[in-house]
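Chains as they are written, first to last, in the numbering used here: chain A, 1 to 338; chain B, 1 to 338; chain C, 1 to 327; chain D, 1 to 327.
Source of the hints: derived by calculation from the structure; they are not laboratory data. Careful, some of the hints might be misleading.
Below 27 angstroms or equal to it, Euclidean Cα-Cα: the simulated DSS-like pairs (lysine-lysine) are [as the list claims (entries may be wrong)]:
| id | chain 1 | residue 1 | chain 2 | residue 2 |
| --- | --- | --- | --- | --- |
| 1 | D | Lys253 | D | Lys215 |
| 2 | A | Lys90 | D | Lys108 |
| 3 | C | Lys249 | D | Lys295 |
| 4 | C | Lys108 | B | Lys318 |
| 5 | D | Lys108 | A | Lys147 |
| 6 | C | Lys226 | C | Lys249 |
| 7 | C | Lys159 | C | Lys203 |
| 8 | C | Lys108 | D | Lys295 |
| 9 | D | Lys322 | D | Lys249 |
| 10 | C | Lys295 | D | Lys108 |
| 11 | D | Lys215 | D | Lys159 |
| 12 | A | Lys229 | A | Lys274 |
| 13 | C | Lys108 | B | Lys147 |
| 14 | D | Lys295 | C | Lys244 |
| 15 | D | Lys295 | C | Lys322 |
| 16 | C | Lys244 | D | Lys322 |
| 17 | C | Lys322 | D | Lys322 |
| 18 | C | Lys159 | C | Lys244 |
| 19 | C | Lys295 | A | Lys318 |
| 20 | D | Lys108 | A | Lys318 |
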Amino acid sequence: MQTGPEVSKYKDLYARDLLAEMFRRMTLVREFELRAIEERRGGLIPGFIHSCVGQEATAVGASLALTDEDVITSTHRGHGHLIGKGGDPKYMMAELAARAPGYCNGRGGSLHIADFSLGILGANGIVGGGLPMATGAALGFKMRGEKRVALSFFGDGATNEGTFHEAANQAGVWKLPVIFFCENNLYGEGTHIQRCTPIDDLAIRAQSYGFPGVIVDGNDILAVYEATKTAVERAKAGEGPTFIEAKTYRHRGHYEGDPQLYRTQEEIQSWMKKDPIKRFSKALMESGLFDDGDLEELQGSVIMQLNEAVSFAEKAEKPAVEEALAGVYADTHNGLVF
Amino acid sequence: MQTGPEVSKYKDLYARDLLAEMFRRMTLVREFELRAIEERRGGLIPGFIHSCVGQEATAVGASLALTDEDVITSTHRGHGHLIGKGGDPKYMMAELAARAPGYCNGRGGSLHIADFSLGILGANGIVGGGLPMATGAALGFKMRGEKRVALSFFGDGATNEGTFHEAANQAGVWKLPVIFFCENNLYGEGTHIQRCTPIDDLAIRAQSYGFPGVIVDGNDILAVYEATKTAVERAKAGEGPTFIEAKTYRHRGHYEGDPQLYRTQEEIQSWMKKDPIKRFSKALMESGLFDDGDLEELQGSVIMQLNEAVSFAEKAEKPAVEEALAGVYADTHNGLVF
Amino acid sequence: MRELTYSDAIREAMMEEMRSNPNVFLMGEDVGVFNGVWGVSHDMLAEFGPERIRDTAISEMNIIGSGLGAALVGMRPIVEIMFGDFLMCAGDQIANQVAKARFMSGGKANVPLTIRITSGAPGSAAAQHSQSPESWFMNIPGLKIVTPASPADAKGLLKTALRGEDPVLFFEHKMLYAETGPVPEEADFSVPFGQAAVVREGKDVTLIGVGIMVKKSLLAAEMLAKQGIEAEVIDPRTLVPLDKDTLIKSVAKTGRVVISHEAHRRSGPGAEISAVLAEDAIEYLDGPIMRVGAKNVPLPYSPELENHVLPNENDVYEAALKLCGRS
Amino acid sequence: MRELTYSDAIREAMMEEMRSNPNVFLMGEDVGVFNGVWGVSHDMLAEFGPERIRDTAISEMNIIGSGLGAALVGMRPIVEIMFGDFLMCAGDQIANQVAKARFMSGGKANVPLTIRITSGAPGSAAAQHSQSPESWFMNIPGLKIVTPASPADAKGLLKTALRGEDPVLFFEHKMLYAETGPVPEEADFSVPFGQAAVVREGKDVTLIGVGIMVKKSLLAAEMLAKQGIEAEVIDPRTLVPLDKDTLIKSVAKTGRVVISHEAHRRSGPGAEISAVLAEDAIEYLDGPIMRVGAKNVPLPYSPELENHVLPNENDVYEAALKLCGRS
Ligand SMILES: Cc1ncc(C[n+]2csc(CCOP(=O)(O)OP(=O)(O)O)c2C)c(N)n1
Ligand SMILES: Cc1ncc(C[n+]2csc(CCOP(=O)(O)OP(=O)(O)O)c2C)c(N)n1
Ligand SMILES: [Mg+2]
Ligand SMILES: [Mg+2]
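Let's have the full structure, built from the sequences with the hints guiding it.
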């Protein structure tokens with residue numbers, strides 16, 4: 001399992017801004033989730049929430065290794081990916097609140113947020129559904145000779161869907177600039193990976209497709225970042241895909257309301273101790289680059305941003321009912337398609 | 001790549017009858033194909049033929065390692081599997097000729113022949129379509145505590161279908177008594193394996209599913225037989241699936257009429273030299289167990305059997321037109337389902 | 001009669017069959033430890049153990065396809081697809097393997113496979129978790145398609161499915177799971193396929209409802225009654241086989257018909273029902289055959305938009321009113 | 001006008017668009033080296049090379065899904081599904097990803113993806129290689145569904161598909177590939193979606209044919225003419241969008257209608273067309289809305305059984321004769 005560089009090396013390896021941004025985005029993801037859960041209880045948000053609390057390092061570490069030109073496909077547990085890739089919490093919160101200025105005009109909700117201008121091709125309600133899409137985007141980049149990559153996020157559970165296999169195989173054949181980023185959080189809904197997957201490390205599946213599979217500590221943002229960077233370089237050099245398995249854990253239920261009959265409090269607690277944000281802040285402080293105050297300030301800015309996001313969402317208009325019919329097609333042939 | 005035992009060991013290892021039966025069935029498969037092709041040209045057979053000429057050792061070697069209680073799922077290139085598993089050429093020929101006493105009463109044709117009494121769960125027109133079926137049959141055996149295995153035949157091309165992945169994974173998790181038998185004949189229709197699969201040996205795919213993958217010389221019937229026997233024992237001992245990759249070649253086009261633009265005469269010729277039947281007869285004779293006359297006699301009996309099969313098919317009645325509606329359901333609820 | 005929820009009625013049917021026949025088992029995503037995402041199979045794992053209540057990998061093709069394989073060797077699997085929306089993940093296994101196995105083999109394959117599927121919009125679940133896929137496979141011969149609308153029918157129809165020898169797509173509407181109703185206790189209680197239920201008699205207009213729209217058609221009937229219009233409400237119960245006779249008889253009496261379902265209007269189950277009536281009952285009709293269904297738009301997340309897209313009792317009421325020349 | 005086969009008309013449309021727009025490319029199983037199993041893309045590899053004529057692995061989900069991904073980043077993919085029967089191998093990608101991408105994203109996703117699919121029974125190809133899947137996805141909003149019946153329409157409709165921004169299921173009937181007919185040569189020739197063609201005028205009965213049944217309806221019309229019955233033959237050309245007006249106008253004139261398609265009768269495209277007419281044109285009808293389609297049985301291998309199951313011009317003729325009170 002790959003881990004990030006020693007604390008002492010931070011200074012030499014990373015610009016302070018990048019480290020700050022890593023911390024800020026992880027915190028933003030965490031606080032976004034907690035706030036969304038609160039607002040769901042409060043009634044602002046009508047739909048499901050699959051929170052990624054505990055998995056901030058994978059979402060942010062992988063996304064920050066990409067440029068604005070690169071694209072991602074995301075999942076049902078996508079808020080972290082979207083924020084990682086630069087998504088604006090304001091439009092996300094408005095979308096969760098089903099408001100007109102939300103990312104999808106209130107039509108998609110949490111499961112379907114997309115922002116093509118940021119290279120976010122979409123969250124997805126279908127497990128494994130976004131994998132072929134990422135392969136296709138990478139194909140487009142390759143055909144046009146653009147130095148861009150597509151990164152597909154998906155879970156351990158998704159690696160058992162046929163789409164994973166078909167997408168990985170074709171990407172391997174065509175050496176497409178795509179990164180298969182698996183967030184292995186040990187569970188697919190209530191099913192532990194050992195009850196549905198007969199191997200210990202998913203990364204070995206890459207061997208079936210002729211490209212490297214690497215394992216990283218998914219709670220170590222620098223390890224995630226480094227592994228993704230390497231994969232991006234490989235992809236942009238025309239060497240093809242990489243499979244990254246990031247071992248992590250979700251602190252909360254599969255969705256809000258999940259009684260979690262399938263795991264123990266001990267297990268949860270043991271992973272809470274490996275909290276990626278606490279771990280990173282500790283390391284940042286040990287490095288001497290940041291002190292308590294610096295991190296508190298970043299945290300404060302995040303809370304402010306979320307307060308604004310929530311009040312934006314609250315005040316935003318609901319979509320007009322007549323609009324429900326809009327946006328199904330580019331061209332409705334004078335309404336004939338309805 | 002595993003190969004069969006040395007010629008000199010035949011005597012000790014195998015009953016003469018078994019060797020004779022191997023030769024007889026391979027010859028029956030070969031002659032069945034050639035005869036079917038002829039009868040198709042002659043107009044007796046209305047549908048497509050995907051012949052398995054050149055692949056007799058895989059079909060027969062694997063099937064003979066099974067008992068009558070074991071089951072197989074087959075493919076579009078299934079005649080060899082069916083004959084291997086004990087299918088009667090008479091009913092097969094009648095089916096190809098679309099006659100009432102054919103295996104499927106003329107409803108299925110080459111792509112859909114099944115005989116549940118022999119454990120033949122069916123040929124299949126869908127590439128990769130039979131893999132989950134085999135997994136399910138194995139599940140049934142396991143649940144009932146029966147010492148039976150399911151063997152699924154499929155091609156190299158089929159390993160790129162999602163069904164392969166999903167079936168293999170679940171079979172691995174549940175340690176099902178199933179054998180994934182891949183006939184790697186280098187091509188899926190007109191596409192060479194190197195143009196659609198980024199690895200040299202498909203057997204390594206088994207690693208993704210936690211069970212062994214073995215490679216055998218698919219033109220060596222004893223190697224195929226041995227590998228399958230081992231897999232059967234493993235399965236019956238409750239140790240789970242085995243993936244067998246048998247490297248072989250089809251001598252003729254993907255289907256009859258295929259102009260074969262995708263490969264060279266040289267390549268075909270080089271494989272013709274490795275003809276599994278010629279190779280086996282040579283070895284049989286070298287072993288001293290069989291002489292020319294023995295093999296000719298077996299060959300003769302095969303030809304007779306096929307003559308009978310063809311004349312049975314020719315004379316057989318066509319299915320009555322009213323029957324077309326029968327057999328869709330067990331229970332038609334007084335015809336309401338139509 | 002004792003009352004059960006729709007959900008528990010389904011569970012009871014499964015448990016009874018599992019108790020009486022060791023070859024019956026349940027398999028699907030999170031049906032065991034998790035109790036089923038909709039809770040339908042709660043605590044079944046405790047009684048039957050992990051051999052017979054099988055949590056699978058997230059692999060819909062294999063779930064359906066191995067259900068078929070098990071059926072072919074004599075088991076009687078119940079497999080669950082957690083959301084009907086995911087049905088097409090296994091589309092080919094259903095359409096080309098399960099549906100056709102018997103016919104292609106010359107009638108020899110037995111396929112006692114019941115595929116339990118949730119359908120319908122549970123509210124703000126958006127476009128990939130809200131669909132009503134009842135008609136997606138109606139064009140494929142070889143399947144039976146069942147849409148229970150009450151707890152009693154849920155139990156009785158499932159019993160028929162589990163005792164039969166043919167593959168059944170059994171659609172359970174998510175918003176009916178909590179509905180209660182009387183369910184007969186007799187062990188041999190079952191509801192035959194191909195028998196529509198006349199759930200309310202009337203002479204002025206026929207309201208044919210599929211699944212949850214039976215309930216909404218009943219509500220519409222009450223509203224119509226206040227306008228002096230006596231609506232007959234009919235639940236086909238099974239779309240394949242379809243009990244044409246009962247439908248035609250009703251239309252012959254009323255001369256007016258509104259067909260409703262939660263599936264999208266275009267090519268939903270109502271298209272077929274309408275076509276059947278237009279073919280066999282047109283002479284009795286005093287007006288157009290009206291269809292009420294979700295608008296032809298993916299289900300939106302926003303509750304307001306979703307409400308606008310989904311059909312409800314008002315839509316049925318208004319269509320009927322119009323038919324009766326009252327709007 | 002020069003004549004082309006249906007197959008070459010399709011090829012010409014692809015080649016013209018590929019020449020004029022570098023983002024258009026073709027991808028599918030054996031479309032390149034093999035020339036396409038139906039020969040439609042013959043020698044396109046030579047002109048465009050393997051980057052733009054892409055032989056894929058046998059992976060239908062990835063073919064469709066990566067077509068979508070490529071479209072989302074600005075390409076204009078044409079993907080081929082060799083046999084329509086295999087469409088449901090990629091069912092979920094079509095129904096849940098391709099169809100809904102635009103709507104779910106609030107209208108932002110552009111999905112210029114054309115899915116070319118062969119349909120129909122080529123003769124003794126049996127149950128998994130003979131289906132007509134035109135209606136399988138009609139219930140899914142977000143797709144356009146096109147069924148060309150002539151070489152000119154094949155070219156013109158494909159051009160519209162390739163120049164549009166929405167996903168299209170483009171159904172090519174295998175038994176039409178060799179048909180020849182005049183095809184305009186102008187570079188900008190195209191046929192709009194949502195405009196049915198009146199391929200023969202008549203006043204006594206309307207024959208609506210889908211795909212190959214247009215040809216068979218024309219044959220039926222000739223047979224009817226000999227009986228003094230003037231049939232109007234209409235080809236909807238696109239099932240989604242459906243040109244209701246032209247259909248209704250014709251029915252208003254003739255008062256009689258026979259809808260035919262090669263798909264199975266139950267829930268085939270005719271169910272929707274019939275339901276539309278029963279809703280909007282019932283007042284004009286002098287008799288039942290007749291549907292002609294394949295019997296509700298998987299396609300059999302035996303030529304005799306297959307003939308019995310498939311619909312033909314006689315079935316249309318007889319239905320029309322009956323409608324006209326002549327049988
Ligand atoms: C095709 C499909 N099958 C099943 C589901 C239901 N489902 C939603 S999330 C989930 C678990 C996914 O597990 P994993 O891929 O590990 O992601 P995680 O939830 O752990 O992030 C399941 C089964 C679905 N949405 N789509
Ligand atoms: C799902 C599906 N996709 C495509 C096809 C068309 N097809 C029939 S056989 C074949 C090639 C299969 O290759 P392989 O699995 O290697 O078997 P082989 O023909 O070499 O025995 C293809 C693509 C099909 N029948 N089913
Ligand atoms: Mg997981
Ligand atoms: Mg092959």
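For each hint, the structure was consulted:
no.	hint	in the structure
1	D/Lys253 x D/Lys215	22 angstroms, holds
2	A/Lys90 x D/Lys108	18 angstroms, holds
3	C/Lys249 x D/Lys295	25 angstroms, holds
4	C/Lys108 x B/Lys318	18 angstroms, holds
5	D/Lys108 x A/Lys147	24 angstroms, holds
6	C/Lys226 x C/Lys249	25 angstroms, holds
7	C/Lys159 x C/Lys203	33 angstroms, violated
8	C/Lys108 x D/Lys295	21 angstroms, holds
9	D/Lys322 x D/Lys249	22 angstroms, holds
10	C/Lys295 x D/Lys108	21 angstroms, holds
11	D/Lys215 x D/Lys159	22 angstroms, holds
12	A/Lys229 x A/Lys274	23 angstroms, holds
13	C/Lys108 x B/Lys147	24 angstroms, holds
14	D/Lys295 x C/Lys244	17 angstroms, holds
15	D/Lys295 x C/Lys322	36 angstroms, violated
16	C/Lys244 x D/Lys322	21 angstroms, holds
17	C/Lys322 x D/Lys322	32 angstroms, violated
18	C/Lys159 x C/Lys244	23 angstroms, holds
19	C/Lys295 x A/Lys318	20 angstroms, holds
20	D/Lys108 x A/Lys318	18 angstroms, holds
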